[in-house]
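Undergrad: Spelled out from the first residue to the last, the chains are:
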Amino acid sequence: MPLLDRMGWRTDDFSRDDVDGGIIVPLAALRSTLDARRAGVIGVEISNDVAVDRLAPYFAQLALIAIAFPAFGDGRGFSLARRLRQAGFAGRLRAVGPLIPDQGPYAFACGFDEIELPEASLARQSEAQWAAALGAISHAYQPGYARQTSIFERRRAARAHKQESRSHA
Amino acid sequence: MYAYDEFDERFVRERVAQFRDQVARRLSGSLTEDEFRPLRLQNGLYLQLHAYMLRIAIPYGVLSSRQLRQLALIADRFDKGYGHFTTRQNLQFNWPKLSDAPDILDLLADVGMHAIQTSGNCIRNVTADHFAGVARDEIEDPRPVAELLRQWSSLHPEFSFLPRKFKVAVTGATEDRAVLKAHDVGVRILRHPESGEIGYQILAGGGLGRTPMIGKVVRDFLPKGQLLAYLDAIMRVYNSEGRRDNKYKARIKILVHELGLDAFRNAVESEFAVGPNWSAEETAELARIAPSFSKIAYDDLPAVSRIFEAAKLANPTFAEWVENALFPHRVAGYAAVTISLKPVGGVPGDMTSDQMRAFADLAERYSSGELRVTHAQNLVLPHVKLDDLFDLWRTLGALGLATANVGLVTDIIACPGLDYCALATARSIPIAQAISRRFGDSARQREIGPLQIKISGCINACGHHHVGHIGILGLEKRGQESYQVTLGGEASDNLAIGELLGPGLSADEVADAIERIVAGYLAKRRPGETFIEAVRRLGVNAFKSAFLRGAQDAAA
Amino acid sequence: MSATKQSSRKPLLPAILIANDLRAGDVLFRGAHGWTRDPAAAAIATTAVDAEALEKIGGAAVARNEIVDAYLAEVVVDRDGRPTPKHFRERFRTLGPSVRPDLGKQADFAHYAVAAE
Numbered sequence: 000m001p002l003l004d005r006m007g008w009r010t011d012d013f014s015r016d017d018v019d020g021g022i023i024v025p026l027a028a029l030r031s032t033l034d035a036r037r038a039g040v041i042g043v044e045i046s047n048d049v050a051v052d053r054l055a056p057y058f059a060q061l062a063l064i065a066i067a068f069p070a071f072g073d074g075r076g077f078s079l080a081r082r083l084r085q086a087g088f089a090g091r092l093r094a095v096g097p098l099i100p101d102q103g104p105y106a107f108a109c110g111f112d113e114i115e116l117p118e119a120s121l122a123r124q125s126e127a128q129w130a131a132a133l134g135a136i137s138h139a140y141q142p143g144y145a146r147q148t149s150i151f152e153r154r155r156a157a158r159a160h161k162q163e164s165r166s167h168a
Numbered sequence: 000m001y002a003y004d005e006f007d008e009r010f011v012r013e014r015v016a017q018f019r020d021q022v023a024r025r026l027s028g029s030l031t032e033d034e035f036r037p038l039r040l041q042n043g044l045y046l047q048l049h050a051y052m053l054r055i056a057i058p059y060g061v062l063s064s065r066q067l068r069q070l071a072l073i074a075d076r077f078d079k080g081y082g083h084f085t086t087r088q089n090l091q092f093n094w095p096k097l098s099d100a101p102d103i104l105d106l107l108a109d110v111g112m113h114a115i116q117t118s119g120n121c122i123r124n125v126t127a128d129h130f131a132g133v134a135r136d137e138i139e140d141p142r143p144v145a146e147l148l149r150q151w152s153s154l155h156p157e158f159s160f161l162p163r164k165f166k167v168a169v170t171g172a173t174e175d176r177a178v179l180k181a182h183d184v185g186v187r188i189l190r191h192p193e194s195g196e197i198g199y200q201i202l203a204g205g206g207l208g209r210t211p212m213i214g215k216v217v218r219d220f221l222p223k224g225q226l227l228a229y230l231d232a233i234m235r236v237y238n239s240e241g242r243r244d245n246k247y248k249a250r251i252k253i254l255v256h257e258l259g260l261d262a263f264r265n266a267v268e269s270e271f272a273v274g275p276n277w278s279a280e281e282t283a284e285l286a287r288i289a290p291s292f293s294k295i296a297y298d299d300l301p302a303v304s305r306i307f308e309a310a311k312l313a314n315p316t317f318a319e320w321v322e323n324a325l326f327p328h329r330v331a332g333y334a335a336v337t338i339s340l341k342p343v344g345g346v347p348g349d350m351t352s353d354q355m356r357a358f359a360d361l362a363e364r365y366s367s368g369e370l371r372v373t374h375a376q377n378l379v380l381p382h383v384k385l386d387d388l389f390d391l392w393r394t395l396g397a398l399g400l401a402t403a404n405v406g407l408v409t410d411i412i413a414c415p416g417l418d419y420c421a422l423a424t425a426r427s428i429p430i431a432q433a434i435s436r437r438f439g440d441s442a443r444q445r446e447i448g449p450l451q452i453k454i455s456g457c458i459n460a461c462g463h464h465h466v467g468h469i470g471i472l473g474l475e476k477r478g479q480e481s482y483q484v485t486l487g488g489e490a491s492d493n494l495a496i497g498e499l500l501g502p503g504l505s506a507d508e509v510a511d512a513i514e515r516i517v518a519g520y521l522a523k524r525r526p527g528e529t530f531i532e533a534v535r536r537l538g539v540n541a542f543k544s545a546f547l548r549g550a551q552d553a554a555a
Numbered sequence: 000m001s002a003t004k005q006s007s008r009k010p011l012l013p014a015i016l017i018a019n020d021l022r023a024g025d026v027l028f029r030g031a032h033g034w035t036r037d038p039a040a041a042a043i044a045t046t047a048v049d050a051e052a053l054e055k056i057g058g059a060a061v062a063r064n065e066i067v068d069a070y071l072a073e074v075v076v077d078r079d080g081r082p083t084p085k086h087f088r089e090r091f092r093t094l095g096p097s098v099r100p101d102l103g104k105q106a107d108f109a110h111y112a113v114a115a116e
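Chains as they are written, first to last, in numbering that gives the first Met the number 0: chain A, 0 to 168; chain B, 0 to 555; chain C, 0 to 116.
Read the hints as simulated data drawn from the structure, not as lab findings.
We treat Cβ as the ideally placed atom computed from N, Cα and C, and that holds for glycine.
Be a bit skeptical, because a hint or two may be false.
[Claimed, not checked] Not the full set, but computed from the structure, chain B residues with beta-carbon under 8 angstroms of chain C: (1) Leu26; (2) Glu32; (3) Leu48; (4) Ala50; (5) Tyr51; (6) Leu97; (7) Arg393; (8) Asp418; (9) Leu422; (10) Arg426; (11) Ile428.
[Stated by the list, open to error] Pair by pair, the computed Cβ-Cβ distance ranges are: (12) B:Glu528 with A:Arg84: 29 to 39 angstroms; (13) B:Arg536 with A:Pro97: 53 to 63 angstroms; (14) A:Gln147 with B:Ala506: 32 to 42 angstroms; (15) C:Asp107 with A:Met0: 43 to 53 angstroms; (16) A:Gln147 with B:Ala262: 29 to 39 angstroms; (17) B:Ala262 with A:Arg84: 20 to 30 angstroms; (18) C:Arg78 with B:Asn540: 44 to 54 angstroms.
[Stated by the list, open to error] Computed from the model, here is a short list of chain B residues facing chain A with C-beta under 8 angstroms: (19) Gly28; (20) Ser29; (21) Asn238; (22) Phe271; (23) Gly274; (24) Tyr297.
Here chain A stands alone, though its shape is the one from the complex:
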């Protein structure tokens, strides 16, 4: 399946089959996979209603968590990504499902690193469209989301800067 990150299409170094390299397993198989492949690079795919507590014990052993988006209009995955990041998961976060380019900035802002799309999306929506969508809005209002600073934080910084230069003057 096509895989995309902030920079564009990328090759998938994970697979769902038992081959060399990273493997993504369903949550039900996580325990046994971890037991059997202590050295391997392991990811888990979860539905968007899994409680963070169920995964937290495995964070250190997980290279990737893939969250399924059953439909692009189902935004639970955005909150789950936020919760996983908040709980300290530092590995890769992948969104899996029929997202559209306009959701790219939202997904990355919520903590996803990459998006795995169904083949059908590829026919209609190009890499250029995903890139354009990422650059459509320069600054978001909400603090704490994107890697870049929010409008609220920028305003505060600008005011602090002004006050500082005033006090130096």
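We have chain A; now place chains B and C onto it with these hints.
TA: Below, chains B and C alone, put in the same frame as chain A:
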């Protein structure tokens, strides 16, 4: 009024460009209609019965003369010369083309406006007390908080694909004119009963629609600086746990109801406890925004205006209008004036482009260039000198905007219904018109006194029928339009859901039925007792026989 | 949902095909030789085969991003051969807002407004 800074300006310009691109991708087939629909809805663009409809955000109902003139220009250039003020303090154009929508948004951006999140399963345009900054019972002006929430909710990365729409209202007064309890979340600015500190009370789980519910207090007192973090927590719980299997059970009210208030509150508080805190940003933002709402230079005037008092005595028609149109201003010598958009027999909330331009001039001449839109689909000139009221009234009269019915039986709230709306099951406006004509006589209306009739053309309840003193809901029954009448609803602090009076009526029976109910009230009321007070005292059942009698006559 | 709303149900006949122009939003009808804004010029399907053919045309136009929300509406045919939708909702779509007779198809196509009264 709040004025965009460079960040807001850039944001809204980029948003227009983004939508222009989305439209282009839709037309090229890159986006399917199913993919495009939520995108256009989040920009206020619907596909209705006859055409597209664009709903323009009027954040917390505050509008400048310059903005109103721009709306008039859009109405003439891209629509059919009129607009419709909605029950959520917004404005709708009924006939725009999809291909013109980006240009309309550019014109809006020119005057610091947009159509962001006036529809869709996201945090909708924030509403507030239409007498904000004016009312004497205000603890603090709610507009800075409302503006903060407008910005916080705009293109929210986490909360733009919620289970369903999400409506937030804010008030800073002791009397709740923003109807917080009918919203998904209500924010009430209040003083802590012991410490006297100003903070927020947070309500959640209210809403009308198919299953009307009254909002409940989730947090008694939230200190300032924690609002964004707390709302993040509520939204995260709702986004994660809200039902997505059934559109009619997807609002937060169902989640609160099914979990129970305590469990819901616990979930929110645990989320709040672990989430990041944006206290510094929030406090700084409110401090930055607040001064823009206190720039009006009032004259030092006596509390009583001799010109005004003399004009009332000399002109009884003026005095009649004044009776209901005025709301006391916190500044002596001023009043807030409600202008009815409910001419007898007219379309509730409609305004022509010519009226908009003339009204913009009036707002400039008499009210610091500012006006408000109320959820009752009327306008407010918030800062009028008592000395100027008579001149204002005369000019309004020439524009057809001096209908003296604010709060009376013909000041009817009605959604567009099946005359425009694709979701409607029956028409609303013709029902409003029929009732309005029936009770059009000025003396008769004043004799009846305050009475709120609210009409919705479908179960989604945009016309707030559940909370009308008399509510009317248009449905389809056996291939005909059919109207259910409820009694005893109230859109106030004592939010109440009306009770069904009996079987559905045909369109031409409704005005008669309303007349019978009103006659019952007039016969049974005690001196000085308003309609809703009488309904409370006598009970809804006391009115059923009058209602049913007519229905049986019609059936016989 | 947007393509052919009622295709799962058996169409009630006679019927016309109603849709919206994607760009303009106008209500369109499938006529004998293409799309028309005039409800009186709508092609009337009297057999299931005709109805299916209309739906196919609608589906193809949806796929070409010309129209949206195409569906069949049952009509009554008057003596002049003009179709009037049976359901009041679709009747309004052929006329315009009942509270603004100066706007919509009832204003643009006077012949139809008269026939519908």
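Undergrad: Which numbered hints does this structure break?
TA: The structure breaks hints 7, 9, 12, 14, 22, 24; every other hint is satisfied.
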